[in-house]
Amino acid sequence: MTLTHTDHLMLAAAFLTLLTIYFTMLAVKAQRANKLLEQLLRTNNEKLELLVYERTEELRNSEEKYRAMINGIEGSVYICSKDYRFEFLSDKLIRQLGRNAIGEYCYKALYDLDNVCEWCESDPVFEGKSVSWERKNQADGKWIMAHNSPIQNSDGTISRQTILTDITEMKQLTEQLIHFQKMESIGKLAGGLAHDLNNVLTVINGYATMLKFILPQHEEPNQILAATSRASSLTHSLLAYSRKQEMQQSNQNLNQLIVDVGAFIQRVIPENIEFAVSLAVEPLFVFADKVQFEQIMLNLATNARDAMSGGGTLSIATSVGSIDEQYITAHGFGEIGDYAVITVSDTGHGMDTETARKAFDPFFTTKEVGKGTGLGLSMVYGIVKQHGGFINLRSEPGNGSVFSIYLPLVAGEIVADASQETDEPFEAVSGATVLLAEDDATTRTMMTEFLKKAGYKVVSAADGQDVVDKFAAHKEEIKLVISDVIMPRKGGKAACAEIREMVKTTKFIFISGHNRDELRQEDLPDPDDLIMLKPIMPFELLKNMRELLT
Amino acid sequence: MARILLIDDDVAIGTIAKRLLELNDHMVDTAENGAAALKLAGRKCYDLVITDVIMPEQEGIGVLAQLKELHPHIRIILTTGGGANFSLSDLLKITRFMKAERGLAKPFNFEKLLETVKEVLEMEES
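Read top to bottom, the protein sequences are chains X and P. The numbering used here puts the first sequence at residues 1 to 550. The numbering used here puts the second sequence at residues 1001 to 1126.
No wet-lab data here; the hints were simulated from the structure. The structure displayed is predicted, hence computed values, not measured ones. Backbone N, C-alpha and C fix where the C-beta goes; we use that ideal spot for every residue, glycine too. Among the clues, some could well be false.
With the C-beta cut set under 8 angstroms, the calculated list includes, among others, these residues of chain X facing chain P [as the list claims (entries may be wrong)]: (1) T209; (2) R230; (3) A231; (4) S512; (5) E518; (6) L524; (7) L530; (8) M532.
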């Protein structure tokens, strides 16, 4: 068969069409492939971006973590290069310096020195060793501890990382602890010594007394007795220091105590010393042994006098103070609470730190040989401790000394607590009237207030005869008598007998504060009657009262 | 003159007190512990007993109770070392409980002891 021209043309056209279709198809495919490729690329890109983002985030977290760690360190942290230029400073150090001192010399920025600090002159850190040291900064007296360690840089050089910690407080506490332990052990030693010495003195006293009877015309035994009694008072001082002396504490208005002892003090100081007393407006009740308190004040006053041989001012002041956690941290002693504060200050020659530190040690004295026993202040310390108090001394050479004594405040606290107490055993028996006999006016006022706040009606009496008279006047109401054992005009026991003549069933609570060295049976009430020994615990008293009245 | 029984485990103090009381015309027997004291009291009569409350062998209180049983009219002066384990409030309790005429805290001075002895012996029978 032969193809016509037309056929050729048609064929060619068909071919062309096919070709076009083919190419079109190819183009479409390519386009699709491209699209796919693009998509693929985009996805990968996104993945990469995410990865980078994640890594960056991790790095940032890690950086933040380490930065937080560095900034969380108590001390100041910095890194410096081998030529002592800052490469890094912690936030705390930046705050301390007031600027970010990167690039500055550490010795210049920290200590204002023009050369490398002497303790860094041969610095083993740059040889790869860690080193720590402590030193006292002469400028402000603060103790600094430094931990230095090498940091290997990627270029092979070594930088030094330093952590500076302020250990002043720790140093002070350690020192105080050592001091406290020393005082404790000296106290034990002194106590033991005094006890044995007392036994020996008893024997000497015994034989001397015997001699007195054998040789009645001779003066010598009396001399021995006088010497033993002087020795006895020394052992008493020692016992007071070691807190082994029996105390006779009662509620005392501190202001009154100061007024009383002030009269004595006036006598021991010469005219060229001015004596100033400034008392708190409110009465400050403390639970104290009056005699021992007088000893404390006289001791401090004579010390002050001796420190002001050229004249000056001795001031005694009272106030209310409280010890809080801050105080305890700063001073290294104390217990949280409210205190009556007695400040004794002089304008004398003062003491240096070393002397002040030793001032309370037994047998430490700055006075000439024969003038001081070295027991005065140690006794003061012992007595204050025994009263549950604290003593603090501030002094500077040439600037006088200030002794602050903290004694726990009593009255207000006790009364407030009693009124809030709701526990049944302490509750007042409603409407009950009690007769309170106590010859000491301060204690009487305080106890009356306390019993009234607790819910009782109170009739008070000042001595043994007064109790009997007051009872006779109110014998219908009074069911219970709280009476001191030893009172003027009539003892508690005799008063009790008379009162029971009138009303046989009257209940009694006796209170005894007389820890004397001699007890007389005739003063002591019947074993069936309750005796409470001072110090009286308020709640115990309330409980006993309730038991007797119900 | 009185017949006195002195109980103290401290020999030195016992000896001194004995000689002093003898110098004051009393007749004194000493015992170092409660058992020895009771043995003496079983054979002899005493007007006054001076005893330390704390003694190693037998509790002072038990001894006193038995002494009182043997000699109901005996007068008592209690003494105590007042050491770390014994406070004055304990002395008060025992003095009261035993109805002792006097309680004396050690270390006493011996003139005080003599005075107290004189006072107790001069007391009228109650």
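Against the structure, the hints come out as follows:
1. For T209 (chain X), the interface hint holds, since its Cβ comes within 8 angstroms of a Cβ in chain P; the closest pair sits about 4 angstroms apart.
2. With a cut of 8 angstroms, the hint placing R230 (chain X) at the interface with chain P is violated, because the nearest CB-to-CB distance is about 13 angstroms.
3. The beta carbon of A231 (chain X) is not positioned within 8 angstroms of any beta carbon in chain P (closest approach about 12 angstroms), and the interface hint is therefore violated.
4. The criterion of a C-beta within 8 angstroms of any C-beta in chain P is met by S512 (chain X), whose closest approach is roughly 7 angstroms, and the hint holds.
5. A least Cβ separation of about 6 angstroms between E518 (chain X) and chain P falls short of the 8 angstroms threshold, and the interface hint therefore holds.
6. Given hint, L524 (chain X) at the interface with chain P, holds; its Cβ is 5 angstroms from that chain's nearest Cβ, closer than 8 angstroms.
7. With a least beta-carbon distance of about 11 angstroms to chain P, the hint placing L530 (chain X) at the interface is violated under the 8 angstroms criterion.
8. Because the closest C-beta pair between M532 (chain X) and chain P is about 10 angstroms apart, greater than 8 angstroms, the hint is violated.
Violated hints, listed in ascending order, are 2, 3, 7, 8; each of the other numbered hints is respected by the structure.
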